[in-house]
Amino acid sequence: MKFDAQDCLLVKKTKLTQTIYDFRLKNADLAEITKPGQFAHLLVPGKTLRRPISVCDVRDDIIRIVFEVRGEGTRILSETEEGSMINMICPLGKGFDIPKDKKVIFIGGGIGVPPMLYSAKTAGSNSIVINGFRDKSAVILTQDFRDIGCRLIETTDNGSYGIHGFVTDPLKEVIDSADMICACGPTPMLKNIAAMAKDHGKECFVSLEQRMACGIGACLGCAVGIDRGDGSLTYKHVCKDGPVFRAEEVIW
Amino acid sequence: MADLSVNIAGVEFNNPIIAASGTIGFGHEYGELYPLSVFGGISCKGTTLKERPGNPPPRIAETPMGMLNAVGLQNPGVEHFIDVELPWLKKQNTVVIANAAGSTEEDYCKICEVLSDTDVDMIELNISCPNVKEGGAQFGTSPESVGKITAAVRPYCKKPLIIKLSPNVADIAAVAKAAEAEGADAVSLINTLTGMRIDINTRRPIIKNITGGMSGPAVFPVAVRMVYQVKKAVKIPVIGLGGISTWQDAVEMIMAGADAIQIGTVLFTDPYAPLKISEGLHGYLDTHNIPSVRDLTATVEV
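Protein chains in written order, with my numbering: chain D, 1 to 252; chain F, 1 to 302.
Keep in mind the hints are simulated off the structure, nothing from the lab.
Incorrect hints may appear among the rest.
[Stated by the list, open to error] Below, in silico cross-link-like pairs of lysine to any residue (SDA-like), each with a Cα-Cα straight-line distance of 20 Å or less:
| id | chain 1 | residue 1 | chain 2 | residue 2 |
| --- | --- | --- | --- | --- |
| 1 | D | Lys240 | F | Arg52 |
| 2 | F | Lys232 | F | Glu182 |
| 3 | F | Lys208 | D | Lys198 |
[Stated by the list, open to error] Over 10 Å on every C-beta distance to chain D, these chain F residues come out as not near it, computed from the model:
| id | residue |
| --- | --- |
| 4 | Ser116 |
| 5 | Thr202 |
| 6 | Gln229 |
| 7 | Ile236 |
| 8 | Gly280 |
A virtual CB, placed ideally from N, CA and C, is assigned to each residue, including glycine.
Generate coordinates for the entire structure from the input sequences, incorporating the hints supplied.
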């Protein structure tokens, strides 16, 4: 089984900020095959389209997802009560391929932070994590990243918590010590990180999002512009070819 | 158990549930979940003579009980379809319908000629795609244009020919009659309704293409009405589609006049929908002592 649509029991629900929810969903079959950087496609009662949400962590038979309420669909999802079922297609997409012997910098921006947890956990304590947030009220998962034992650097845009600035500010200080960069967050942030990685000759992988329908690669809805390597454009798809892409192939 | 098999233009289907073009690609992905033989047939992704990259993103927007798409016929081209996809599809124990698209009359004739030389079971002519600048829907918007393109491809198409109709017309029955008169073996309807959504924060259309094709449960009543009108107007088989989500919808569409149905958008909501619809159809027919799904077609009493 590569993926499946199955009911998952919402065993624990935590509100992390005013708009961000942390769901722990129980399903042993799906948890067993879910890798860092992959995503789940969640059925929303009354909605035609599912909501793609990246996997934050997997522990035993629990898949953890952390998502932000952005519209009606995620609002309905956020109102799911503990003890009820959520149907998920999972695991989907190609995640981060993290080599054991490399030093990796993981960078998350805002709601791009959660997928970095499982990824950084897999890479181990040798890695560096840089998480950026809008302000102090948006900071999430600090203790979870500390528990991994990696070096954690946090920034806020307005300086209300951690380093005052963007993730690219501390990245400048540590980029030369790394072999590889993995990032997820807003497009302008990813674009800047990709440019820095190129300047420093570092391998860089970015996790992208796009409006999605099937989630499994059939409908070709979630297109992202990709350079074929000769400057010509082709479209790949976030759900099946991604969500993780080589930064150098993405046409920003 | 009731008999779900149907015969459309001489082609035997194990059941009347066909995967709608553009929603299932060439079957590989949904084939990870169940054997593709749960479908009586698969209408493959719209295929053109040459590879097409498709439209820039975003290509998808949600709508109340539905969605818009403007994928723009992204496909690897007919050669790839024949060499790579078709041999695999032919082993899946389901009817393989090629969905042929083009920009000019010559394109349509050529692709029908090329596909006629292969093992595809049927050809569905896509003259109703609303998401491409040239071709597509322009051939499907009037009885005259539909009659003309059907007549043009007919000599080149040696396979049973299904004309897929656009709902964006004034008189769908007249369009279907024009296709029948020029030699179509069946019609399928409806393709998507042209729609548009705007992001009120950015004042921009959500879809980069500005407009997209609307599908999903919201279009179902429109599809039922059009299938009903078309069934009364033509003698050739009618394949009904548009927003079918449940087995009850399937029964309703068949009663309206469909000899077979296609399902598409519901796969995105529930990939297991074809199994549930098939089971529900069996249950309905058995409960009502109807021996065959064929006995249900066009049984609406008005």
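Now for the hints, and whether the structure bears them out:
1. Between the alpha carbons of D/Lys240 and F/Arg52 the distance comes to roughly 19 Å, so the proposed pair stays at or under 20 Å and holds.
2. About 18 Å separates the Cα atoms of F/Lys232 and F/Glu182, which keeps this hinted pair within 20 Å; it holds.
3. About 29 Å separates the Cα atoms of F/Lys208 and D/Lys198, which puts this hinted pair outside 20 Å; it is violated.
4. Every Cβ of chain D is farther than 10 Å from the Cβ of F/Ser116; the closest lies at roughly 26 Å, confirming the non-interface assignment.
5. Once the 10 Å rule is applied to beta carbons, F/Thr202 is consistent with being away from chain D; the minimum gap is 14 Å.
6. Every beta carbon of chain D lies more than 10 Å from that of F/Gln229, the smallest distance being close to 26 Å; the non-interface claim holds.
7. Non-interface status of F/Ile236 relative to chain D is upheld: no Cβ of that chain comes within 10 Å, the nearest being about 29 Å off.
8. Non-interface call for F/Gly280 relative to chain D: holds, since the shortest CB-CB distance, roughly 18 Å, exceeds 10 Å.
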